[in-house]
Amino acid sequence: MDFALLGSFVAVVLTLLIYSFLYKENRFYRFAEYSFIGVASGYWLMVAINNLQSVAWGPIIKGNYLYVIPLILGVALFARLSKGYSWLARWPVAVVVGTGTALALRGFVDAMFIGQIRATIAAPMNFDNLLIAVITVCSLFFFMFTVEHKGPIGIVAKIGRYGLMVYFGVLFGNHVMTRMALLTSRFIEIQKFLLKVLGLA
Amino acid sequence: MEVTSMSVLKRREVAVFMTALAGIAVIADYFLKVPILNTAVADLLRWGVILASFMLIWGTISMIRIHADVIRKKTPNQWYYSVWLVFLMVVFVAVSLIQGLAGPSSRWMYDSIYVASSSTYYSILGFYMISASYRAIRARSGEATLLLVIAVIIMLMNAPIGAAVWEGIPALGKWIVDVPNTAASRGYIIGLAIGAVILGVRTLAGRERGYLG
Amino acid sequence: MAGEDAWTKLGRIDPRILYALLIIVLIIPIITPVGLPIPITDQTRKTYEAVEKLPPGSVVVCSMDTSGAAWGENGPQAVVVLKHLFQKPLKIVVVGFETDGPMLGQQALLQIPKGEKKYGEDYVNLGFIAGGETARAAFGRDIHKLVSRDFLGNPIDKLPIMEKVRNAEDFALFFTFTSLISAVEMYVRQLHAPYKTKVVAAIIGLGVPSIVPYYNAGQVFSILSGSLGAAEYELLTKMPGEGVRLSDALSLSTLLVVACVVVGNVAFLAVKKKRKEEKR
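Residue numbers (the numbering used here), protein chains in the order written: chain A, 552 to 752; chain B, -9 to 203; chain C, 3 to 282.
Incorrect hints may appear among the rest.
Claimed, not checked - Calculated lysine-lysine pairs in the DSS-like style (CA-CA distance at most 27 Å, straight line):
{"hint": "1", "chain 1": "A", "residue 1": "Lys747", "chain 2": "C", "residue 2": "Lys116"}
{"hint": "2", "chain 1": "C", "residue 1": "Lys147", "chain 2": "B", "residue 2": "Lys23"}
{"hint": "3", "chain 1": "C", "residue 1": "Lys166", "chain 2": "B", "residue 2": "Lys23"}
{"hint": "4", "chain 1": "B", "residue 1": "Lys23", "chain 2": "C", "residue 2": "Lys200"}
{"hint": "5", "chain 1": "B", "residue 1": "Lys0", "chain 2": "A", "residue 2": "Lys634"}
{"hint": "6", "chain 1": "A", "residue 1": "Lys613", "chain 2": "C", "residue 2": "Lys160"}
{"hint": "7", "chain 1": "C", "residue 1": "Lys85", "chain 2": "A", "residue 2": "Lys743"}
{"hint": "8", "chain 1": "B", "residue 1": "Lys64", "chain 2": "A", "residue 2": "Lys575"}
{"hint": "9", "chain 1": "A", "residue 1": "Lys743", "chain 2": "C", "residue 2": "Lys116"}
{"hint": "10", "chain 1": "C", "residue 1": "Lys48", "chain 2": "B", "residue 2": "Lys164"}
Just so you know, these hints were derived from the structure itself, not from any lab.
Chain A on its own, in the form it takes in the complex (with noise of 0.2 Å):
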């Protein structure tokens, strides 16, 4: 049996019936998405035990017993089943958000804070280097929602606001170009079925 005919056999027929939501919610279309969610749930169990062997259970096996403070952590985000000690799932919550929080904070605060910042100051003077100043205050400026929109701060918000629209419709060009590559990529998978049952692949 060609496994990899009936690979795209399947993928083909999954695509064609997850599209028939156009036309409306069927059956068909259910049945395709409880069979997506079915092999994800699974892939996301299995990635997740692989993570867990490669960096938790090696550690511990060459002698790092430290290890075991994070596995025990992590096996109390389960007492959220149980009613008299679902507190204990808080603890690994906590030290994921800290340390999460904290990386971000620093990362933050140096790259996408002052990093910007240098970067719109320290450009070389030309008319485009200005206009990207001006525009990136003005659109700063219409986040500032402490101040009413009135006088000079509201015709600055007003700069920033068309500055915003012309990123929106940029966002909106990419979008389009996105979308047409992923439906492109999968018509082209069906394509690539029919000439394998045609005999022309």
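Using the hints provided, position chains B and C relative to the given structure of chain A.
For chains B and C alone, kept in the frame of chain A given last:
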């Protein structure tokens, strides 16, 4: 009221303290070159990776519980889909345990069911996009007109055929992306950074506790 | 009046007609490729030249931060970049910080000719590492203390390639194939800011406008923009593939969308004008 050590441990403040301690250690690690602190934070980061795996497992288990409930109650027009879902999940897990995640059978299921379905879901918006382009994207105001005109120029820039429509399209599109788009999204990024820093400080200071549930 | 009805009808066309038009416009260039020219952008050329100039033995990391959903755009990018890297005397590390990463990375690796490169010596797939930004920070800091096995289950301290790869300071180039703007931002924060790693953002088209400020600030080395970026790279490396195949249909479907925007607005403005005149 008698206060036991257990009742103290149950308090949300303990979790808030853990958040603050982890956060302060990671921030201190950024500024200080103290070997014991740097090693401890390096370990803390790896613990975060381990805990994230457990969260993924917990998410899957939560989902199974919901579907198990639907199957148990035999919810009309629903329960047989849940049976199919759980069946596929079990098959994938079994196949992966036997052959490994990189094995041919798990890759087969992953490619023909998961990748095909998820890319189809993502692509279906293309149809709604064409409908929206015709029926919803309207020049109702100055700002909407600007958005529309910019979107058309960028679409023509992205299509290789755009240069054939007008030879100035690629250069104009590039200028729009490099100048006004950069400026506006830079303002957005800086604003986002300010908001994120404030939220982060509030979280580490214990003023934001939504994550504790 | 007949003219009014025509404009109103034109403005309210059944969406299924548009869907059918879109399908036709996508199918035709797939069946009979037109071969429209594809201009090469500076960013793609910069990426290509950076790979060409890498000294032998340099370590290049390819992080699959994408999903099955976006593989239609990230897949052609990953395949052509990996093909190019495998032609050079480089060491290639594939990793994934999103759940779909390792499987898609493995799929990409299976599609490309390996030449004389051996798994474990010249390339490796380290698999998925959970944890988002925490995982990326830990990866940049010390890979050996983070990961003990690769995607296939081999201990990494037994793999010769990993002797040279310890942390972000060993990366000559870092590719992220992603659909997430946040993934690129995380690399800017956790790899570029502390280690000055050269990050190439091979991102879907949708994410490009938000990444350009980082590119212009020098925080992102270069950008490969969606399937078009893949097509350009395929032309530069003289290995036409899925990217080039997609470009014709992309051109025609985009023209259709532009036509819809224009016709829809002409109908809208015509109806608006008629209503104004009627009110007078």
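We went through each hint and held it up to the structure:
{"no.": "1", "hint": "A/Lys747 - C/Lys116", "in the structure": "25 Å, holds"}
{"no.": "2", "hint": "C/Lys147 - B/Lys23", "in the structure": "19 Å, holds"}
{"no.": "3", "hint": "C/Lys166 - B/Lys23", "in the structure": "25 Å, holds"}
{"no.": "4", "hint": "B/Lys23 - C/Lys200", "in the structure": "25 Å, holds"}
{"no.": "5", "hint": "B/Lys0 - A/Lys634", "in the structure": "12 Å, holds"}
{"no.": "6", "hint": "A/Lys613 - C/Lys160", "in the structure": "14 Å, holds"}
{"no.": "7", "hint": "C/Lys85 - A/Lys743", "in the structure": "22 Å, holds"}
{"no.": "8", "hint": "B/Lys64 - A/Lys575", "in the structure": "25 Å, holds"}
{"no.": "9", "hint": "A/Lys743 - C/Lys116", "in the structure": "24 Å, holds"}
{"no.": "10", "hint": "C/Lys48 - B/Lys164", "in the structure": "16 Å, holds"}
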